[in-house]
Structures are given as C-alpha cells and as structure tokens.
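Trainee: Sequence:
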Amino acid sequence: MKLALLHARAQLRQLARYPTFLVPTLVLPVAFFVAFGLPRRHTDPAVLMASFSAYAVLSIAFFQFGVGIATDREDPWEAYLRTLPVGPGIRFAGRVASAIAFATAATVPVVVVAVAARPVSLGAAAWCRFALVLLAGSTPLALLGIALGYWVPARGALPVANLLYLGFAYAGGLWTGPSGLPHAVELVAPYLPTRQWGEVLWAAVRDESWGGSHWLALAAFAAAFGALAAWGYRRDEGQRFR
1 MKLALLHARA QLRQLARYPT FLVPTLVLPV AFFVAFGLPR RHTDPAVLMA SFSAYAVLSI
61 AFFQFGVGIA TDREDPWEAY LRTLPVGPGI RFAGRVASAI AFATAATVPV VVVAVAARPV
121 SLGAAAWCRF ALVLLAGSTP LALLGIALGY WVPARGALPV ANLLYLGFAY AGGLWTGPSG
181 LPHAVELVAP YLPTRQWGEV LWAAVRDESW GGSHWLALAA FAAAFGALAA WGYRRDEGQR
241 FR
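Residues 1 to 242 (the numbering used here) are what the sequence shown spells out, left to right.
No lab work stands behind these hints: they were computed from the structure. Among the clues, some could well be false.
Derived CB-CB ranges, DEER-like [said to hold, decoys possible]:
hint	residue 1	residue 2	range
1	Ala116	Lys2	15 to 25 Å
2	Pro119	Glu74	44 to 54 Å
3	Gly167	Ala223	13 to 23 Å
Quantities reported herein were computed from a predicted structural model and do not represent experimental measurements. From the three backbone atoms N, C-alpha and C, an ideal C-beta is built for every residue, glycine too.
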C-alpha cells in the first residue's frame, strides 16, 4: 500500500507540472458543459450534469491512461522502474489512485456549475448512486485507455485518443443526454460503451431502476478491453525484456 501511494504521489506531481495535461483535463469539461449543456433548457439538468461528469472522467481514461502509458513506454525512467523488484500491480494501483484524484478534480467543477446554474436536486441516495456509477461505469473506458497506451506508439497516441474521446463522447450522448442525436448516430449509439454508461448514469440521477442489460454490456466491454490491455502489456514486456 505504501509503495502504491508513493507511485500515486509521483504521478500526481509529474502530471501537475504539465499545463498541457492539467488545463484541458480540468477546464475543458466544465467549459463544454457551459457551452453545450446549459443552453439545453429542455433536457433534465440532472441528466446533463451526469453526462458531462462522465465526459470529464472520460478524458482521464484516454489521456492519463492512454497517452500517459504510451509516453511512459518510451521514457528510460519507466524502463528502469520495470526492472525493479516491484510488481506491475503496485505501479498500476498508483496510476489508478492518481487518476481518481484527477477525475474528482475534473468532475467537481461540472457538478458545482450544474447545481448553481440549474435546479439540480438529488437525495443522498441518488448522489451515492451517481458517484458509484460514475466510478464503476468508467472501468471499460479506463481499460480501453490502457490498451491504447500499450498498442499505439507515443506519436500516434494523442490523435487516436482525441478521436476516440470526442467520438465516443458525442455518439454516446454525453453532450446531449439520451435525446438530441441525429438519427444515424442514434442507430450506432447503443453499441458504444459510453452510451451504456450514460444509460445507467441517467437512471441513477433520475432515481430509476437500472437495466441489467446495460450492466451486462459494460461488463462485456470491460472483459474485451481488459483482455486487449493485458495482451498489449505482455506484448510490450516481451519486446523490451526478452
């Protein structure tokens, strides 16, 4: 536990020194919410808050995990760390802890602006459900980000991450809520992990029952992306330390 916390602290300090990571991660989600979410007066404000909170967490999945891991793979210091007698689980635990810290920092401004600007009123149970789904539902996307980090070289990671980040956010309904997408996009949306995540998030803030099919879909995405990430990690280990 102590080593994981040390890795997390090192990750936080390292990323905090990069304005190109820090500013977009913390500012863009709330800026997009103000620009695209608040003007949607006919959409439930709690749904919009949940959607753009997921959008904030999504940035961590693709940039801190995806781009971060791809960049670290080409860093001599990371290669040195991987030769030390510390299991990969410790390093990943530290990375996950720092990701949760940044995800919280990115989500809180969205929630504060939503509550201040629109009448968002949730009970204690609904807030707990919302926080639980925001964390649990992000697992498949985080695993996809890790897979991206191990399969795509550093030079290609940023454009690929941007493409997936913006595409999944828009097509999954994280900018509009469950309605408002063009018909052609709406046909594709149910097959995306972001839409399945959105469905359970929207149910949480509406105090509705969760559909089991959405959780099964998220579990299937998590299994597929987790296998891809593990395969990419083993492939990278084999290339570097064979």
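Trainee: If a hint holds in the structure, say so; if it does not, say that too.
Mentor: Quick rundown of the hints versus the structure:
1. Restraint check, alanine 116 to lysine 2: a C-beta distance of roughly 39 Å breaks the suggested window 15 to 25 Å.
2. Restraint check, proline 119 to glutamate 74: a C-beta distance of roughly 49 Å satisfies the suggested window 44 to 54 Å.
3. A beta carbon spacing of about 22 Å between glycine 167 and alanine 223 agrees with the range 13 to 23 Å that was offered as a hint.
The structure fails to meet hint 1 from the earlier list, while all remaining hints are met.
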